[in-house]
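Visitor: Single-letter residue listing:
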Amino acid sequence: MNKNETIVALATPQGIGAIGVIRLSGPESIAIVSLVFSKNLTQEASHTAHFGRIKNGDRIVDEVLVTLFKDGKSYTGEEVVEISCHGSHYILQDVIRLLTEKGAVLAKPGEFTLRAFLNGKLDLSQAEAVADLIASNSEAAHKVAMHQMRGGFSDQIKKLRADLIHFASLVELELDFSEEDVEFANRDDLKDLIFKIHKVISALVESFKSGNVIKNGVPVVIAGKPNAGKSTLLNALLNEEKALVTEIEGTTRDAIEDESVIGGIVFRFIDTAGIRETEDVVESLGVKKTLEKMKEAAIVCYLFDAARIDLKELDLIIASLKEDVQKSSSELLVVANKSDLLEKDKRAIIEEKYEPIFLSAKEKRNLEILENRLLELVNLGKVGEQDVIVTNSRHHQALTGANEALMRAYEGLDSGLTGDLLAADIRQSLFHLGEITGEVTTEDLLDNIFSKFCIGK
Amino acid sequence: MLPEYDVIVVGGGHAGAEAAAAAANLESSVLLISMDLGRIAQMSCNPAMGGIAKGQIVREIDALGGYSGIVSDKSAIQFRMLNRSKGPAMWSPRTQNDRVLFSLEWRKILESIQNIDFWQDTATSLIVKDGKATGVKTGLGVEIKSKSVILTSGTFLNGKIHIGDKNFGGGRVGESAVYGLTENLKEYGFSSGRMKTGTPPRVDGRSLDYSKMIEQQGDKKPGKFSYLPGNEITKQRSCFITYTNSTVHDLLKEGFDKSPMFNGSIQSVGPRYCPSIEDKINRFAERDRHQLFVEPEGWDTVEIYVNGFSTSLPEDVQFKAMKQIKGFENVRVFRPGYAIEYDYFPPLQLKNTLETKPIEDLYFAGQINGTTGYEEAACQGLVAGINASLKIKEEAPFVLSRDEAYIGVLIDDLITKGTEEPYRMFTSRAEYRILLRQDNADIRLTEMSNKIGLASDERLKRVELKLKGKDVGVKYLSKNSAEPDRFNTLLENKNSSALKQKSRLNTLLARPQLDIRDIAEIEKPFVEELEFVRDLKDEVLDQIEITVKYQGYIEKEKSLADRLTKLDHIKIDSDIDYHKFSSLSMEARLKLTEAKPTNLGQASRISGVSPSDLSVLLVYLTK
Chain A
47 MNKNETIVAL
57 ATPQGIGAIG
67 VIRLSGPESI
77 AIVSLVFSKN
87 LTQEASHTAH
97 FGRIKNGDRI
107 VDEVLVTLFK
117 DGKSYTGEEV
127 VEISCHGSHY
137 ILQDVIRLLT
147 EKGAVLAKPG
157 EFTLRAFLNG
167 KLDLSQAEAV
177 ADLIASNSEA
187 AHKVAMHQMR
197 GGFSDQIKKL
207 RADLIHFASL
217 VELELDFSEE
227 DVEFANRDDL
237 KDLIFKIHKV
247 ISALVESFKS
257 GNVIKNGVPV
267 VIAGKPNAGK
277 STLLNALLNE
287 EKALVTEIEG
297 TTRDAIEDES
307 VIGGIVFRFI
317 DTAGIRETED
327 VVESLGVKKT
337 LEKMKEAAIV
347 CYLFDAARID
357 LKELDLIIAS
367 LKEDVQKSSS
377 ELLVVANKSD
387 LLEKDKRAII
397 EEKYEPIFLS
407 AKEKRNLEIL
417 ENRLLELVNL
427 GKVGEQDVIV
437 TNSRHHQALT
447 GANEALMRAY
457 EGLDSGLTGD
467 LLAADIRQSL
477 FHLGEITGEV
487 TTEDLLDNIF
497 SKFCIGK
Chain B
349 MLPEYDVIVV
359 GGGHAGAEAA
369 AAAANLESSV
379 LLISMDLGRI
389 AQMSCNPAMG
399 GIAKGQIVRE
409 IDALGGYSGI
419 VSDKSAIQFR
429 MLNRSKGPAM
439 WSPRTQNDRV
449 LFSLEWRKIL
459 ESIQNIDFWQ
469 DTATSLIVKD
479 GKATGVKTGL
489 GVEIKSKSVI
499 LTSGTFLNGK
509 IHIGDKNFGG
519 GRVGESAVYG
529 LTENLKEYGF
539 SSGRMKTGTP
549 PRVDGRSLDY
559 SKMIEQQGDK
569 KPGKFSYLPG
579 NEITKQRSCF
589 ITYTNSTVHD
599 LLKEGFDKSP
609 MFNGSIQSVG
619 PRYCPSIEDK
629 INRFAERDRH
639 QLFVEPEGWD
649 TVEIYVNGFS
659 TSLPEDVQFK
669 AMKQIKGFEN
679 VRVFRPGYAI
689 EYDYFPPLQL
699 KNTLETKPIE
709 DLYFAGQING
719 TTGYEEAACQ
729 GLVAGINASL
739 KIKEEAPFVL
749 SRDEAYIGVL
759 IDDLITKGTE
769 EPYRMFTSRA
779 EYRILLRQDN
789 ADIRLTEMSN
799 KIGLASDERL
809 KRVELKLKGK
819 DVGVKYLSKN
829 SAEPDRFNTL
839 LENKNSSALK
849 QKSRLNTLLA
859 RPQLDIRDIA
869 EIEKPFVEEL
879 EFVRDLKDEV
889 LDQIEITVKY
899 QGYIEKEKSL
909 ADRLTKLDHI
919 KIDSDIDYHK
929 FSSLSMEARL
939 KLTEAKPTNL
949 GQASRISGVS
959 PSDLSVLLVY
969 LTK
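Taken in sequence, the protein lines are chains A and B. Per our numbering, the very first residue in the first sequence carries number 47; after that it's consecutive. Per our numbering, the very first residue in the second sequence carries number 349; after that it's consecutive.
Since the hints were derived computationally from the structure, they do not count as laboratory data. Cβ coordinates follow ideal geometry from the N, Cα and C atoms, glycine included. A couple of the hints might just be wrong.
Ranges between beta-carbon positions, derived for each pair [unchecked claim]:
hint: 1; chain 1: A; residue 1: 209; chain 2: B; residue 2: 840; range: 38 to 44 angstroms
hint: 2; chain 1: B; residue 1: 852; chain 2: A; residue 2: 99; range: 37 to 43 angstroms
hint: 3; chain 1: A; residue 1: 209; chain 2: B; residue 2: 598; range: 34 to 40 angstroms
hint: 4; chain 1: B; residue 1: 537; chain 2: A; residue 2: 418; range: 51 to 57 angstroms
Here are the simulated DSS-like pairs of lysine-lysine, each with C-alpha atoms no more than 27 angstroms apart in a straight line [what the hints assert, rightly or not]:
hint: 5; chain 1: B; residue 1: 904; chain 2: A; residue 2: 245
hint: 6; chain 1: A; residue 1: 148; chain 2: B; residue 2: 906
hint: 7; chain 1: B; residue 1: 904; chain 2: A; residue 2: 237
hint: 8; chain 1: B; residue 1: 919; chain 2: A; residue 2: 154
hint: 9; chain 1: B; residue 1: 904; chain 2: A; residue 2: 242
hint: 10; chain 1: A; residue 1: 237; chain 2: B; residue 2: 842
hint: 11; chain 1: A; residue 1: 116; chain 2: B; residue 2: 914
hint: 12; chain 1: A; residue 1: 154; chain 2: B; residue 2: 928
hint: 13; chain 1: B; residue 1: 904; chain 2: A; residue 2: 154
hint: 14; chain 1: B; residue 1: 914; chain 2: A; residue 2: 154
hint: 15; chain 1: B; residue 1: 914; chain 2: A; residue 2: 148
One chain only, chain B, in its complex shape (with noise of 0.2 angstroms):
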């Protein structure tokens, strides 16, 4: 009845929509199979895209030609570009959006795309033949033939609910739950484990007193995500912050011995950074207060996600206890907050491609793999759906380094370490923060991309324009000088020691005081010179001033990151046997065995694997 396809994506969420896009993208035919084609990445807890490490990740999808950044442009309700004072490395781009909007844009770019079937439906096993998948069977009974499958399906896995003492099965809260599938792979060799997260409970915007809150306002300058022109945010809405009490958390407490985290009955393990908010009390009982931001669901709703409240007690005591928290006495509730375990595969079990081991030609993104977050997930959908499509046109793999992206830093982690708790990207995870900068994903990874045929043309035109404009301006910067008379007054405005004689304009802009634009106000010339970039000006003065301020840093960091990647090129056989080598500490030989790791890089990353191990394998492999 269908036809057969290059590639089925099983599952539209986050991880779903970018594998499905970038597969057809790269001329691959596919097949979104989701059960519920009405919630096409669906932003199933926090109403926002990006924040901290999370932004450069969306910053980095858009560069290489995914999606996110630009659904989130579309349907942002608010911009914020995070930790404008601590350096351009930690600025990090956030919006807040519309819930309904988000998906409503993810769906019509999905139907834009000529490559891309749709079926609504359930996959409840894998076709496998000869140790590939070669299609799914689903739950209406149809048999459904690809040469590769990607597996996305989130909290679906044998998911079960928890409010208080109740537990039921389901996916998210209203939807079921998928069976089957979980135990279809582990016959074929696949280990899997239970993880947990939680929603906080949505409440009636109609019923807050905002006035009691403090108001947090969109930037007065938004930025966005994409590097593509078009989709400026113009309007925007307010956040707003209120806090927990002592009144609030004893009210809590009442209810701990019917929470499923204190009772026993949910075992498996949370994210330690997204507690619930009785592991925050319990946990730290000498706070008396937590923070809470209340952020709008979008454009034409009154509901509201109480972001900091992520609970799983009893609805009653939910209530009751929101409704001592300053700006909610008279408080009215969607829909109560509630935990969710679900099965995930721990990601030792894949390559760097996101194909599995166990099974060629399947491949597992998002929180399958242990993660947690929309843009954790995207980015992995987008690099499952370029290596789908890379192996059926035979073309080498998409494989990003963790000098070049934090994808890289991710899918890094995951398949070297694993994960044990539901994993978010922090800045603190990349060795070369300096350098993977949300400023730069267009730099860094745009042209490779282009190279593989996603990333289209106009976006490297204007990666080339925006070098061009940077060339232009730091030697500008090296070859002219700033005179006493003319920046003086500005010198002293800023409390930065005023010129005694001439100084290179490049030697007075490494002041921490001073930043590009104001050399640009006074040095008319600069400003011409960079006339043919100015669709890119704001961008192009950035890219100046980054380099020329933290230019040391980032030669430092470069030539690490050299060191590292030496390593990344020494390959390693997967057949290779590690317990032939009596020279490797017993450790080294277990942990190297269970990772298998494919190349000496990834080998280094293994915890239990040390240096000498390394120089010993280095041996073996290079002979």
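Just chain A, same shape as in the assembly (with noise of 0.2 angstroms):
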């Protein structure tokens, strides 16, 4: 921990209201703020608030409360800023994207605590949750980012940086071992590969500032019969994620959009509610008139009430569900809601012919099965923009260090940069992708170099 760096990072939970606060905590917390509000801080007086609007160059991102704190006069000690944004998922994502770019860097889990604490603003039995909240923190981050990176990206990575720890030990060898008989890297290789790496890194860090993602979310249309309990998941799922990040109604919309972050990712849920009935048996359930909208949702849930089902009904409705969600390449997930009120053998059928999640919204019972299984549809690239991997600023950061390295490698290659700064600037690429893969330590390259070379007089 450098605590010369201003840190940032959202200080109220994800989603949990209509208000969402960042914070940044650091030397610079008030000058980094400067730069993107619509007025400069600098001189202001500690524990004041101030209006105003957080801009991108000429694009307004968000109008917020800012709140000072100088040093010493803060949660953390240090100077302390809090911006209180509306609650959008996206636009507080937007906004911490906007401050890190301007020098702030991400706090790592519990660093705003930990500062606390080294600052002599928290005693020791705080300090020692801190702790566990640390190690607990970590492990599942690490586990829930690789989740993140779907569509086989991770892999892809993975491979891409062996590939460069090949390369990098045959620099390394031919710096350290020079005066021996060994084949040294091939140039045209290693801009090739280099090439190769800049490539897929740019996709993903493109990705994550343009992902229709971590923006809009992953559109999911719950259609069903009124009173199936349509409602009644959603706020289940909202409330069991204490995730409701906005609620925007739709001027030119006719359904409510909720936005609600699973496992680190977020879903938008295109509730039907409100849709006239008709005649037509399909379409009275409002399916049909959903179809506009099923064509840009990556998921249909088709929610029925399993106490009074009609199995006709239920055979003739999922039949059309499923040609069109064949139509709009889009992935239906059956859910038989109020599950605990069916006959058994009703639901043996049901269970054969169609393989419903069976739960119960009010109940809360076996909602964890849904939020899984949307995860799963997620991260296996089956629903989604095939192309949005990134949706983790951390993740962002990181490949944006290892895209620059590599391209000053890049350069270097071709204005002839001596081996040890090409070495250099290898080795930073190789500490940011091994940021999001995991370590690489200088043992690796040893290792790499002594099990794949002669080398010694």
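Reassemble the complex: the two chains are provided individually, in unrelated frames, and hints are given to aid placement.
Guide: And the structure:
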């Protein structure tokens, strides 16, 4: 931890309400915020609040309230700024990304508390709680992070990194063993490899910037007859995750959308309630009208009331839905609500035919099965934008760092950069990639050298 | 009979010699015990000093006020700056040395230091009182008292030599091993291990046909190791390069069943980067030749060291195979190669001062710690000698960090990671390679050493002058411009694009095609401004060039290093009980308990200690 760095993170839990608070701590906090805020705050007094706009160039990101705490007079004991934004996941991520571009560094789990502790603002028992938190967080964070990189991209990064390690070894080899009769790194091959990795990383970095998933979430349409329990399910999902981010009353849309973060992925649930009923059996369920929505949906969740089930009707509806999802190449999840009221023999029939998820929205029973299924669909790359991979700011930062170092190496190969500096750039790049996939040490390089090359006079 | 000493140094090799000299120069009374005082600082293996990463270490030893650099300069028969084309962080000085002269020069230096007494004997056990080393008992039955003891036993502890299926006790060929000391130390709670190393045959230069080999000359303008003036290298001898071939390999293979490496009689681990020729043939079967360096052992001898042919195969197999090497058809042999096994003490048992954890006032340096190489040994001896002395004077310990010196990297690696094979320095072991250069070891280290009273004022003055020259030069280049008409001819000759308008000289120098001497050639006022450092002209020009060309990389590594050293400043109590911290991973608890790091930086480098473990530790440590 470097206390000269200014750290930034979301201070409120992911999407708990209409407001999200972003906190910065460190010597440059006020200066960094001033760079993106509509007025200069550096001369303002401690414990003052300022209303204004966060801007990215000319684009207004959000209207916010900024509160200043000068050195020594804050929770962490350092200069602190708190920005109260509107609670949209996208806005919050966007503001944080903007701040990191201006020099703030993403806080590690528990780092605010840790700083508070180091500055004598916490007592020991609180600190011990922090220690436990760090230990459990970091492990979970790594797992989640790896999980978030879907579509085989994490494997690809791993493989490219392994290739880069091999080349790094060759470069190190020609530095440390230049006197010996060994093969050296082929500069053209190295350039090809660097370019290949650069392309992959650039795509990932881009995906973060323009990623629809992070902007809008994975669209999920919840369909079903009135009283099937759609709203109950939606509320249960949101409450379960304490993840209601925003409630945008669509002026041009018919539906209400709600965002929820499940396992680090944003889902945008499209509620089809309030759609007019017609004579048509299927359309009366609001399904036909929902088709438009379904085109942009990645997942269609069909919910039925298991207590009042008409097998014939269900058959018809699901067959029709299956056709529809195939057309819109989305995924269908069949959900049996109030499944605790389902008769045993009916359950067996339904189970065999539709393999639905049995749950009770009201009792909040088996909700996690639905959530896991949703996450699975995303992580397997079955839904969502195929090219959007990076949804995690920390990954974005690591990938950007890796790419910068790679580009220096690439240009260096053209301009005749000496081996020691080339190695420094490659090491830096490996270090950043290692932040995503795990650590690399110089030992790894040496092991690689010794296992592959004949060294020694 | 003998008085009580401040420091007893056991062993007169590269580590022992530096240890004795450093302790004595820091005003300790020193007794140097060696079983053969005629073989001080013997080059038991390769008659050469320095090389890649090792050359940087010799420069560091010199900058600190040690003698390995000066002795190497005085006894050099060839100087080469390796890796010239690979950037300043890789430039690595190396000398080929006269083996006899090297030892003689070292002995002269030691004899010239008033505070050193000599005693030819073998230390067989340690005298320990209240957990502190207070002297040694010797093979002659003498008890000698001291305030501290530095053990530099090299390959002598239970040393066992192998040639083919023959083996016998010995510390070096023709010299007896030392028995009892390992066992004695184990009684105090030390654990010991076994390592293996080897050496190639020595042959008669008169029997070789050099016309069939490739000559390798020394540098046209030879440099040297020491930052002090004098001892310039004026004449040189050449080395030669030749290769093995598949016939040689086939003949060697015939002896594999009698090889102690392959028939199980050697179990211990040898260095992967310095394998025996049989190991190379075995592991890299696809290669039909291996490079050999034919190196003279001195000015006035025909003895030749066959670098690259380290072997412990039966001597008749060695001879038969060697005769098939190009240029070796009529070879006559002085002595065969052999392998040696010896005891070492896993270095996790050491503090960063090289004092041992089980016994206070006892220090280990050199191969006893699992390292290999004269340079690695010498720098440990220097650090042990300094710290033994400082402790007696009740002064703060002298510890170099990973961003200050290769010596810091080496000791930190040893005490935090330990080693299971003979440890040799590589530049790739250093995180901050761009900072740890051979051209700036004096800038990095001399002032530090001068403060504790080791590096002379003369050394410090030269460093200050060098820095001043650098500053003046860098400033000049940033203030003055190059005009197209004066510089475009040069640029054309160097294949660099022509200037269209005036450009700052430092911008011009940043171009890869240009060096500082090109610019000095044209820019006469620049040379005049540097007139006040004319004695150090080349060094100053190098500093200016490196500062201008590599600024970005140097700054980046410095800021990385600054982050790291913050962790080094957070101390860990030696009696901390890691098992009490439930938030630490089980692996971290075990590893930390074993390695007993003294600060958080060390803890961070122990494998198995994760970043989250560190954060947890940080919380406890700063409470």
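Visitor: Are the hints correct? Go through all of them and say.
Guide: Structure-based check of each hint:
1. A/209 <-> B/840: 38 to 44 angstroms: At roughly 40 angstroms between Cβ atoms, residue 840 of chain B and residue 209 of chain A fall inside 38 to 44 angstroms, so the hint holds.
2. B/852 <-> A/99: 37 to 43 angstroms: holds (41 angstroms)
3. A/209 <-> B/598: 34 to 40 angstroms: holds (37 angstroms)
4. B/537 <-> A/418: 51 to 57 angstroms: holds (53 angstroms)
5. B/904 <-> A/245: Within the cut-off at roughly 25 angstroms; holds.
6. A/148 <-> B/906: holds (22 angstroms)
7. B/904 <-> A/237: holds (23 angstroms)
8. B/919 <-> A/154: holds (22 angstroms)
9. B/904 <-> A/242: Answer holds: residue 904 of chain B to residue 242 of chain A is near 26 angstroms, not above 27 angstroms.
10. A/237 <-> B/842: Satisfied, since the Cα-Cα distance of roughly 25 angstroms is no more than 27 angstroms.
11. A/116 <-> B/914: Cα-Cα ~24 angstroms, so holds.
12. A/154 <-> B/928: holds (24 angstroms)
13. B/904 <-> A/154: Since the Cα atoms of residue 904 of chain B and residue 154 of chain A sit roughly 22 angstroms apart, the hinted pair holds (cutoff 27 angstroms).
14. B/914 <-> A/154: Given pair residue 914 of chain B, residue 154 of chain A holds - Cα atoms ~17 angstroms apart, limit 27 angstroms.
15. B/914 <-> A/148: holds (24 angstroms)
Hint compliance for this structure: every hint is met.
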